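Kindly produce the complete structure, drawing on both the sequences and the hints.
Here is how the chains run, residue by residue.
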Amino acid sequence: MSNGKKMNLSLKIWRQADKNSAGEFKDYTVNNVSPDMSFLEMLDVLNEELIIKGEEPVAFDHDCREGICGSCSLYINGRPHGPKRGVTACQLHMRSFHDGQSIVIEPWRANAFPVVKDLIVDRSAFDRIITAGGFVSVNSGGAADANSILISKDDVEYALDASQCIGCGACVAVCKNSSASLFVGAKIAHLSRLPQGSPERHKRAINMIKQMDKEGFGSCTNTEACAAECPKEISMDVIVTMRKEYMKAIKEME
Amino acid sequence: MELNAKIPQGDLKDKWSYYKGNVKLVNPANKRKYNLIVVGTGLAGASAAASLAELGYNVKSFCFQDSPRRAHSIAAQGGINAAKNYQNDGDSVWRLFYDTIKGGDYRAREANVHRLAELSVNIIDQCVAQGVPFAREYGGLLDNRSFGGAQVSRTFYARGQTGQQLLLGAYSALMRQVGLGKVKLFPRYEMLDLVVVDGRARGIITRNLITGAVERHAADAVILATGGYGNLFYLSTNAKGSNVTASWRSYKRGALFANPCFTQIHPTCIPVKGDYQSKLTLMSESLRNDGRVWVPKRKGDTRKPMDIPENERDYYLERKYPSFGNLVPRDVASRNAKEVVDEGRGVGESGFAVYLDFADAIKRLGVDEIKMRYGNLFDMYYQITDEDPYKVPMRIYPAVHYTMGGLWVDYELMTTIPGLYALGECNFSDHGANRLGASALMQGLADGYFVIPYTIGNYLADHRPDGLDINAQEFETVEKEVNDRVGKLLSVNGSRTVDDFHRNLGQIMWEYVGMSRNEGGLKKAIKLISELRDEFWKDVKVLGRNEELNQSLEKAGRVADFLELGELVARGALNRNESCGGHFRAEYQTQENEALRDDENYCYVAAWQFKGDDQLPELHKENLKFEFVTPSQRSYK
Amino acid sequence: MGWFIKFIDSSIGKKIVMALTGLFLSIFLIAHLAGNLLLLAGDGGVKFEEYANFMAESGNIPVRIVEIALFILLIYHIINGIRITSINRKARNIKYKKVDASANSTFFSRFMIQSGGIIFIFLVIHLRSFFFPYRFSHPEITMYEAVKTAFENPLYSGFYVFAMVLLAFHLNHGVQSAFQTLGLYDKKITPIIKKTGTAFAIIICLAFAIIPLYFLMGMGE
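Protein chains in written order, with the numbering used here: chain A, 110 to 363; chain B, 10 to 646; chain C, 5 to 225.
Each hint can be trusted.
Pairs of lysine-lysine, DSS-like flavour, derived with a Cα cap of 30 Å:
| # | chain 1 | residue 1 | chain 2 | residue 2 |
| --- | --- | --- | --- | --- |
| 1 | B | Lys547 | B | Lys489 |
| 2 | A | Lys285 | C | Lys192 |
| 3 | A | Lys262 | A | Lys312 |
| 4 | A | Lys114 | C | Lys102 |
| 5 | C | Lys101 | A | Lys135 |
| 6 | B | Lys24 | B | Lys630 |
| 7 | A | Lys312 | C | Lys94 |
| 8 | A | Lys285 | C | Lys198 |
| 9 | C | Lys99 | A | Lys323 |
| 10 | A | Lys312 | C | Lys18 |
| 11 | B | Lys564 | A | Lys115 |
Chain C regions said to be covered by chain A (calculated; three or more residues, Cβ under 8 Å):
| # | region |
| --- | --- |
| 12 | 6 to 16 |
| 13 | 104 to 114 |
Hint data in this document are derived by calculation from the structure and do not stem from the laboratory. Just so you know, these numbers come straight off a predicted model, no measurement behind them. Just so you know, even glycine gets a beta-carbon here, dropped at the ideal spot from N, CA and C.
What follows is the structure, encoded as structure tokens:
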């Protein structure tokens, strides 16, 4: 049982009315924070206090609060999802902070992820990249028996390591180049490793990378910050796989 | 109102084939003239939108999240059932059908459940073809595990992230259609009302969650796949945004709401820590395979668990159910936890928890084996509670997890409003009074990939596309009502926050309409909810404007609907004078404190019709006929 | 050829070009170092002069071809690097208030353009001191004497050593990164590549840096 003491924290939070307004940092204090609270619950408490005072609450994206939906998008004290590795902000608990600490909370910063309001950004660029090729072209019905395709355990485990990406965008947020390579690489690695995804692997690599570049993400310079901060701990390997797929696809380029 | 389920003729196993063989079809060239609306992008919504677009229909797909990929199906852990019998252990479509209908405590339709079992095998094929990385054996074949008390291994899984992988599969199919121009996507849009024209569902009114713009969308049919209403209880394993608004607005426009009181409470969740708690986290029920559930024998025993000697512990499930022990079904395990907590023997700071102890299992199997079986769950528990379950017993408590009730639909998944369909958790159809583990994913995908593509044609074939104009009077009227409601929420300017009301409602629901219900409590709940609702409209504080991203306003609209639904759930529970599945009425139990079903008087689907804000809803009964199985009393002693 | 332009102009193509040119330049460093180490032969520059004259010979066609290729690749490496950096910087107009970069990446990986920039300045000075005079005209003093004079100046030697430290930083990230960019990444092999890359960076740059120190300490004859 944790009997941690209650904490008082000072927060510096980015406030921005909408996409077209200029934003600024505002200072807040939250008192009596329990170390067992999640980071988002701490923000809930702040918002409740703000509403009662008649001040507009801080807008932030969140939904499942169990680390899988990928909605969380908070840059906390200079790191996406805060100081703990392998967790999203909703799974980050206040015991990772100490009494009297000041915490800077910013939205993801990337031109491809424009701020919508306060800490909420528009990540539809990711959806458009998937639309460009992050799928297997099969219609519903008519699929062969599932066991007619043999897939080695290694291949399926590799595919699953990659496909567990939650699309949160922490990789873009932390990358000094705002590169989306880990996200794009994860989908390319997942599908190219499986026989189902192989027939259109070249087309997929070309189209997804073309879309990635078009959205205004930077390019990967192998700092590996994305893999270090990915809440699902997706490996750099997927980026390397993406490049290999792209190189193999060269013969299909027009 | 006569409720016609439109069950096809023939033997149980031939009904779906017969239906498919005789259903009306829409000419491929005509399909592109139809516009369809799909609300929700979870397993049911995404698979439906993708499949319908593949057929050639024009689809508009709506979700309130910023991307369709974030729908809460993504959080499902355990797996998906299918009667493949790959393990050669005696599974069959019949057995899956039988387990599901029995698990639902004989409160579901035979024909629907059998179709679900039949389609289960196609789902796995479809998902594998999409590239869903289900677990494999070394030989390259698909692996299975047993789940939810089934006697066969029929559950397909992808680590503890099956829901995520299935949803990403459906999402990728959806995005492919977006790329092909057949689906138009509307993320961060919330459906706020349904538009009915000449008795048919012809469109919806939405609010753009970024700009606040209230918009009209017309279509030839509307498909809801908007999930369950577990957040009625405030604390649940649902996502924070999960809500009942689309279903509830449709109910108020004439769709019947069936079995609202059938709510599922999952026994193994991480207990509540403090008032600030916003959400409950589920721990897979597989933990009960090796963990032992206990509480101290003595009331108010505050010693540390390790300091309580063996003879002062009460392993109550093992004591009361010697043959099933810790593996009793979800509803039984949950109810017993509540019982010991009510006796004052709960553990932890709040007293609202019981121990799930792995000490014996670790002694028997070793830490490494336990780590291999449950490592990720133990890590998650540690992350949230800061306690090491390898050393200290876990504390668990039941939490609201799933709602079997929902919009009434016929065999074709059409509600009582022609042209309005309900898929997945938002309908009531397949799980009766209790859902088995790994069956929710199955139902969502069956509805979306394989049922709606057939059944919608049967309706559309009779209704030529007429290019209904969104300037029709009906759209105007409903849009005005939506705007008025939004305006009203913003103008109250009271003193209590939306969350405050929601928490309050949750407390009432949990206390009186939760795991164990009784007549007095339900009547009290109805009164309390109605008072709370009045107070809400007098004293809620919603800041800001409509014309902006306003999360308080979004929540306020959802909570306002929960405040109405809560009463219906209580009324439904009050009406059902029996105990079955997730619905336990304390007055109706066997001498051994087990659920006592009343097949003579309550073997029906209770479908409620909205009669006006000041009127009581009207009950319509769809009698359930069991032609192929014989209902029996469940016993786990 | 449209496809080729598209390929090398894509975000990944640009990086592949960076990796290939970088690796070529790294190989050049080995050859260049081997020649320069003749300065330490202790023979008053006899062997070094032989080597220098051989390399500067206009009729030495293979060397001339490699020389041109080297300059083209070097310039491409620089321009491409600047382009990548500029695109990458433009991908984030509004910067973070607080960045805890050391929590997730190495110092070396984050400052490639800066280390590259200083190496470029060094190269300009370096080429002006030795390459251009001896390649295109015939100065009165021997190249060995020119080197000796330059390196006996503490300022010049100091800058040379400083540039070598930055070259080591640049190579430390660059070499292993190039292998990753070209598709070599493996749980077992990558740690070896990373260590080898670091060792390469240290050995090459240390060896280069010994030369000015050798003359600075008056050991040149």
